[in-house]
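Residue numbers (the working numbering), protein chains in the order written: chain B, 90 to 372; chain H, 90 to 372.
Check the hints yourself; a few may be wrong.
For chains that are exact copies, the list does not tell them apart, and a pair is met inside one copy or across any two.
[What the hints assert, rightly or not] DSBU-like mimics (lysine-lysine), calculated; alpha carbons at most 35 angstroms apart, straight line:
| no. | residue 1 | residue 2 |
| --- | --- | --- |
| 1 | K235 | K331 |
| 2 | K264 | K224 |
| 3 | K234 | K224 |
| 4 | K324 | K224 |
| 5 | K234 | K178 |
| 6 | K163 | K178 |
| 7 | K344 | K264 |
| 8 | K235 | K224 |
| 9 | K234 | K163 |
Hints were generated in silico from the structure; no laboratory data involved.
There are 2 protein chains.
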Amino acid sequence: MAQSQPKQHAPYLSSYQPSTTVHHEWRTASNSAAHLLPTLEEKARQNPSLTLLDVGAGSGTITASLAPYMPQGKIIATDISNDILQRAKQHAEEVGVGEMVETQEGNVYALPFMNGDFDVVHASMVLAHLDDPLKAVGEMIRVAKKPGGVVAMRESDLRAWSIHPEYSGLTNFNKVLCAVHMANGATVNAGAQLVSWALAQGVRRERITATAGTWCYSTPEERQMWGGTMADRCKNGSVRTKAIETRVATESDFKEMADAWERWIESEDGWFGSMHGEVLVEL
Amino acid sequence: MAQSQPKQHAPYLSSYQPSTTVHHEWRTASNSAAHLLPTLEEKARQNPSLTLLDVGAGSGTITASLAPYMPQGKIIATDISNDILQRAKQHAEEVGVGEMVETQEGNVYALPFMNGDFDVVHASMVLAHLDDPLKAVGEMIRVAKKPGGVVAMRESDLRAWSIHPEYSGLTNFNKVLCAVHMANGATVNAGAQLVSWALAQGVRRERITATAGTWCYSTPEERQMWGGTMADRCKNGSVRTKAIETRVATESDFKEMADAWERWIESEDGWFGSMHGEVLVEL
Numbered sequence: 090m091a092q093s094q095p096k097q098h099a100p101y102l103s104s105y106q107p108s109t110t111v112h113h114e115w116r117t118a119s120n121s122a123a124h125l126l127p128t129l130e131e132k133a134r135q136n137p138s139l140t141l142l143d144v145g146a147g148s149g150t151i152t153a154s155l156a157p158y159m160p161q162g163k164i165i166a167t168d169i170s171n172d173i174l175q176r177a178k179q180h181a182e183e184v185g186v187g188e189m190v191e192t193q194e195g196n197v198y199a200l201p202f203m204n205g206d207f208d209v210v211h212a213s214m215v216l217a218h219l220d221d222p223l224k225a226v227g228e229m230i231r232v233a234k235k236p237g238g239v240v241a242m243r244e245s246d247l248r249a250w251s252i253h254p255e256y257s258g259l260t261n262f263n264k265v266l267c268a269v270h271m272a273n274g275a276t277v278n279a280g281a282q283l284v285s286w287a288l289a290q291g292v293r294r295e296r297i298t299a300t301a302g303t304w305c306y307s308t309p310e311e312r313q314m315w316g317g318t319m320a321d322r323c324k325n326g327s328v329r330t331k332a333i334e335t336r337v338a339t340e341s342d343f344k345e346m347a348d349a350w351e352r353w354i355e356s357e358d359g360w361f362g363s364m365h366g367e368v369l370v371e372l
Numbered sequence: 090m091a092q093s094q095p096k097q098h099a100p101y102l103s104s105y106q107p108s109t110t111v112h113h114e115w116r117t118a119s120n121s122a123a124h125l126l127p128t129l130e131e132k133a134r135q136n137p138s139l140t141l142l143d144v145g146a147g148s149g150t151i152t153a154s155l156a157p158y159m160p161q162g163k164i165i166a167t168d169i170s171n172d173i174l175q176r177a178k179q180h181a182e183e184v185g186v187g188e189m190v191e192t193q194e195g196n197v198y199a200l201p202f203m204n205g206d207f208d209v210v211h212a213s214m215v216l217a218h219l220d221d222p223l224k225a226v227g228e229m230i231r232v233a234k235k236p237g238g239v240v241a242m243r244e245s246d247l248r249a250w251s252i253h254p255e256y257s258g259l260t261n262f263n264k265v266l267c268a269v270h271m272a273n274g275a276t277v278n279a280g281a282q283l284v285s286w287a288l289a290q291g292v293r294r295e296r297i298t299a300t301a302g303t304w305c306y307s308t309p310e311e312r313q314m315w316g317g318t319m320a321d322r323c324k325n326g327s328v329r330t331k332a333i334e335t336r337v338a339t340e341s342d343f344k345e346m347a348d349a350w351e352r353w354i355e356s357e358d359g360w361f362g363s364m365h366g367e368v369l370v371e372l
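Okay, chain B solo, but in the shape it has when bound:
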């Protein structure tokens, strides 16, 4: 059922290395898809056998945590990587929602589903990584039911980070991350552009509800999780490889950035906030 073969697109920059998946697996419906939850619950009340497509589901922790909001429904998790979908399936089984969650490998530019197949189509932190996010938004809208379907998207603005203490290695890391994203054809402020992408795909403005969400880390456990993930990315991540390859930063810069994240983990007054744009499209 796939449409015409897509052109060659840039690879997923963040990759599924352990340094990235630690934070991926911290993500849940409540910290990463809160804007969808009231609508999801309401729709599940009206139609218990609701279907949801989770696009770019990755290791599937958001996918699995959406399940309790639609307990008699059906979720399909799709991703470009079949390996990570195995993990998503395993995770769903571990948390007791394995029967509700199916996985299907698929390309977001040519989703392997029919027009209008799903009541709800969801993506969180996916579009920012694509070099043609508009096309992906069009695909998400295509496979959502009309009328009555919902498309929910959430993406960050990488430049809207707020950090204390502002060790120079942390602000440098943010600059390098943005530069590498841009060099990779990705969108640094995807969250701010979600409304424009929905409009460009023909959605009327009054069908769009736009809000903002955040991730915020400050307790010792949160600092360890986030700072540890960021330090690992400085030591081993694909951002490091790409930045060194394109001379955006040196090995010594990454040493300083990793040290700064480790110092931040140890800073009792450490605080981190990142801002995300959220959009619900009611078709």
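Chain H: place on chain B using the hints.
Just chain H now, kept in the frame of chain B:
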């Protein structure tokens, strides 16, 4: 009951001009103090005659909208400006909570109250404007009940704005706003520093709950409200006066910035997000 006279501090930069109060009066407990509300309701259940001090209450729309969460309680709104407190009192009467809200002129560096006078002490978008925010945090803690009192603070990080479309006049306005704030001795990233200020005033980390909040504007009405306020500040605000005086920007720059905000108001795909740090201290 005031303590020793404070040293001369910088004036409140934003001022209470119409251009600023339009947005001030849009603020409510739900869009500007949400992090306090569950705790406030719980405390009001335990102790119906709860007392709350709203510090830097301004025109009092947040003050008045806190009242329904503590219906048998008592709120005192304090501010450096007695004129604006008259407006706060009038607003409280207009929305039917006049009996619950008293006003008292006061300096945040020397609050005219006794140690431990209040169950809850609240400030929203106040500390960022001060040249000695740490001292103000100390005063808020001083007048909160111990043990059992709560101090709630919310402040923005002015650098963590996310805007689409990114007209150059908008990004320039943000830079000018930050520069003028810094020149005035204010704090551009107060929201990120709230945890550090509470710690510096002797609060133990485990007594602090830190979160992030946002303001987000994208509907035509929201764009008119926010963009209109910003365009007015470019034409008449004290930020304009100060920036021109200190040669941070010219009249022609402000013309471009005002035009950009007006163009943004008309942009159907317009989106704005700003991020705030929030802290609840349980004493």
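Same-copy or cross-copy closeness of K234 to K224 [CA-CA at most 35 angstroms]: within (18 angstroms within a copy, 56 angstroms between copies)
At 35 angstroms max between alpha carbons, let me know whether K234 reaches K163 within a copy, between copies, both or neither. within (15 angstroms within a copy, 51 angstroms between copies)
Measure nothing new, just compare the shortest in-copy and cross-copy C-alpha distances for K344 and K264 to 35 angstroms and report within, between, both or neither. Answer is both; intra-copy 15 angstroms and inter-copy 30 angstroms each pass.
Homomeric proximity label, K163 with K178: Cα distance no greater than 35 angstroms: Classified as within: same-chain Cα gap 13 angstroms, cross-chain 53 angstroms, threshold 35 angstroms.
At most 35 angstroms between CA atoms: does that hold for K324 and K224 within a copy, between copies, both, or neither? within (33 angstroms within a copy, 40 angstroms between copies)
35 angstroms Cα cut-off: does K235 pair with K224 within a copy, between copies, both or neither? This pair counts as within: shortest intra-copy Cα distance 18 angstroms, inter-copy 57 angstroms.
Under a CA distance limit of 35 angstroms, which applies to K264 and K224: within one copy, between copies, both, or neither? This pair counts as both: shortest intra-copy Cα distance 27 angstroms, inter-copy 34 angstroms.
First find the shortest C-alpha distance between K234 and K178 inside one copy, then the shortest across copies, and answer within, between, both or neither for a cut-off of 35 angstroms. Answer is within; shortest intra-copy Cα gap is 25 angstroms, inter-copy 51 angstroms.
Can you tell me if K235 and K331 fall within 35 angstroms by alpha carbon in one copy, between copies, both or neither? Neither: 41 angstroms inside a chain and 53 angstroms across chains, both beyond 35 angstroms.
Checked against the numbered hints listed earlier, the structure breaks hint 1 alone; every other hint is satisfied.
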